[in-house]
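S.K.: One letter stands for each residue in the lines below.
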Amino acid sequence: MKEEIFVSGRHLPNIDPYLHMWHWQIALYLFLGGLAAGILFFAAYYVIMGKEKQMRATVVWAPVIAPFALVIGLMALFWDLTHKLYVWQLYTTVRITSPMSWGAWTLLIITPLSIVWVASYMKEMMPGWDWKYDILNKFEEWVIKIRKPLAWVMMGLSIILGVYTGILLSAFNARPLWNTSILGPLFLTSGLSTGLAAIMWISKDEHERKALSRIDLILILVELFLIIHMFMGFLAGSAVKTEAAALFLGGEFTVTFWVFVIVLGLAFPATLEALELRGYHVPAWLPPLLILFGGLVFRFVMVEAGQITRFLY
Amino acid sequence: MRYAMAIDTAKCVGCGDCVVACQTENNVPHGYCRDWIVESVSGSYPSVQIEIRSERCNHCDNAPCVRCCPTGASHIVEGGIVMVTHEECIGCGACIESCPYDARYAHPDGYVDKCTFCKHRVDKGQDPACVEVCPTHCLHFGDLDDPNSDVSKALKNRDWKVLAPEAGTKPQLYFLT
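Same order as they appear, the protein sequences are chains Z and E. Per the working numbering, the first sequence starts with residue 1, numbered consecutively. Per the working numbering, the second sequence starts with residue 1, numbered consecutively.
One thing to keep in mind: the hints can contain errors.
[Unchecked claim] Capping the alpha-carbon separation at 30 Å, the derived lysine-lysine pairs in BS3-like fashion look like this:
1) E/11 to Z/2
2) E/119 to Z/84
3) E/124 to E/156
4) Z/241 to E/161
5) Z/204 to Z/53
6) Z/148 to Z/138
7) Z/204 to Z/145
8) Z/2 to E/156
[Said to hold, decoys possible] With beta-carbon atoms standing in for the labels, derived distance ranges:
9) E/30 to Z/7: 13 to 21 Å
10) E/42 to Z/242: 16 to 24 Å
11) E/109 to Z/231: 46 to 54 Å
12) E/27 to Z/181: 38 to 46 Å
13) Z/143 to E/62: 39 to 47 Å
14) E/119 to Z/78: 25 to 33 Å
15) Z/128 to E/29: 57 to 65 Å
16) E/62 to Z/127: 53 to 61 Å
17) E/147 to Z/88: 43 to 51 Å
18) Z/78 to E/137: 41 to 49 Å
19) E/75 to Z/232: 51 to 59 Å
20) E/29 to Z/286: 46 to 54 Å
Hints are computed from structural coordinates only; laboratory data are not their basis. None of the values given here were measured: they were computed from a predicted structure. Ideal placement from N, C-alpha and C gives every residue a C-beta, glycine not left out.
With the rest of the complex left out, here is chain Z:
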């Protein structure tokens, strides 16, 4: 038996007895960042493939969500800073080894880019729209002209953004649950899937929804595959890793994770999508709602549970 106690009365706010430095704002941001990454990725992808006409909701309408998601996400991040007035220090340097530095710079580019993207479709969304100033009209013309190269840039940045939401956590070796490189691809896949869910919710075109639903089904299967691999890695790992996995395999996050993330957030919507593709009637809003909800819960569970895991000595 071994028992360790603080005998000097240590009780640091947000750190003792359990680390809780990052709050709901971070989880919400990780969800919104992934969502925006997913939406922007598919908008860019279908422009590059020259399917702008067939995929209207994907290319034109859904990207409207992205700037809002990014700005709300950034406000949440800002909210959770403790030294807020110094936030500009992020942009005085580039720290190659810090994922947060990568993320800060990526967001600095992709947020205005998403706004420009939406603005360049304003005239299509609202016939008769006028930018009032000549310079804005000229800028719009220019953006429309370079839309394809722009799409390539946006696709690249959206992948970095999606991966970054996972890498942000996995860079901390002090938190064994987070410290697995599989979080990068896992959060990217989850982000792409939630992005698709949002697009499918908006789309009225049966054809478009079917095409997206097919991709989403594959993404959900990839996500489940990655989650299984994550647990395999944990269970084959050192003591701190098996302890981290135990939080989900009988520990306090078991029900939240398996019921809300795996069953309601992934397996059930995947089944519904498969049924829909086979011709059964499924309410159009149901699978997207479940996927978005599952994605949100997944971020919360990972942020909360990860902070409980630690090295014991």
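Based on these hints, arrange chain E on the given structure of chain Z.
M.R.: Chain E in isolation, oriented as in the chain Z frame:
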């Protein structure tokens, strides 16, 4: 030059003088601490082992807090001391999340704070405040590269361990067992 500290767990009685000295020396706000004492009890009666450790920032050679800092506020100065520049810190909490020893905290003024090995004293040739006041002389501070320093001599003939070496941080607090 490589500053380090050796803590004699056989001599430490857990009086807490080091904690109070640090709080006074460094104006640590009420309710916070840069060092603390852990009492580790293992075994069961009648064969019980007790180990008392005065812990603080490990000033790691491979410091994850420095690696994760997005602004460069967390940095390593000469002698391997890990420092935080308050005016560069945004309070994102990445360093706090990355520390396996939970040695950092967010100061009520917003920036992240922690043990500095009392750099302001060390620069003047003095020992850190905690070392200076320890009534049992169980804390040894100095330059590991100097074989005649207090810490080098303390480590020479004793068994020691570091905390969570498997975290790969190469910590520089040595606990004499």
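S.K.: Given the hinted pair residue 2 of chain Z and residue 156 of chain E, is their Cα-Cα distance within 30 Å?
M.R.: 29 Å, holds
S.K.: Taking 16 to 24 Å as the stated bounds, is the beta-carbon spacing between residue 42 of chain E and residue 242 of chain Z within them?
M.R.: With a Cβ separation near 21 Å, residue 42 of chain E and residue 242 of chain Z satisfy 16 to 24 Å, so the hint holds.
S.K.: With 46 to 54 Å as the target window, see if residue 29 of chain E and residue 286 of chain Z comply at their CB atoms.
M.R.: Distance hint for residue 29 of chain E, residue 286 of chain Z holds at roughly 51 Å.
S.K.: Is residue 119 of chain E close enough to residue 84 of chain Z, meaning Cα to Cα at most 30 Å?
M.R.: 27 Å, holds
S.K.: Hint check: residue 241 of chain Z vs residue 161 of chain E, CA-CA at most 30 Å. Holds or violated?
M.R.: The hint holds at about 22 Å.
S.K.: Is the hinted pair residue 204 of chain Z and residue 53 of chain Z satisfied, with a Cα-Cα distance of at most 30 Å?
M.R.: 14 Å, holds
S.K.: Has the given pair, residue 11 of chain E with residue 2 of chain Z, been kept, meaning a C-alpha gap of at most 30 Å?
M.R.: 20 Å, holds
S.K.: Holds or violated: 13 to 21 Å for the Cβ distance of residue 30 of chain E and residue 7 of chain Z?
M.R.: 19 Å, holds
S.K.: Confirm or reject the claim that residue 27 of chain E and residue 181 of chain Z have a C-beta distance inside 38 to 46 Å.
M.R.: 41 Å, holds
S.K.: Decide if the proposed pair is consistent with the structure: residue 148 of chain Z and residue 138 of chain Z, CA atoms, cutoff 30 Å inclusive.
M.R.: Measuring from Cα to Cα gives roughly 18 Å; hence the hint holds.
S.K.: Using the beta carbons of residue 62 of chain E and residue 127 of chain Z, state whether their distance is inside 53 to 61 Å or not.
M.R.: 60 Å Cβ-Cβ, so the 53 to 61 Å window holds.
S.K.: Determine whether the Cβ-Cβ distance between residue 119 of chain E and residue 78 of chain Z falls within the hinted range of 25 to 33 Å.
M.R.: Holds - the Cβ-Cβ distance for residue 119 of chain E and residue 78 of chain Z, about 31 Å, lies within 25 to 33 Å.
Violation of the numbered hints given earlier is confined to hints 11, 19; the remaining hints are satisfied by the structure.
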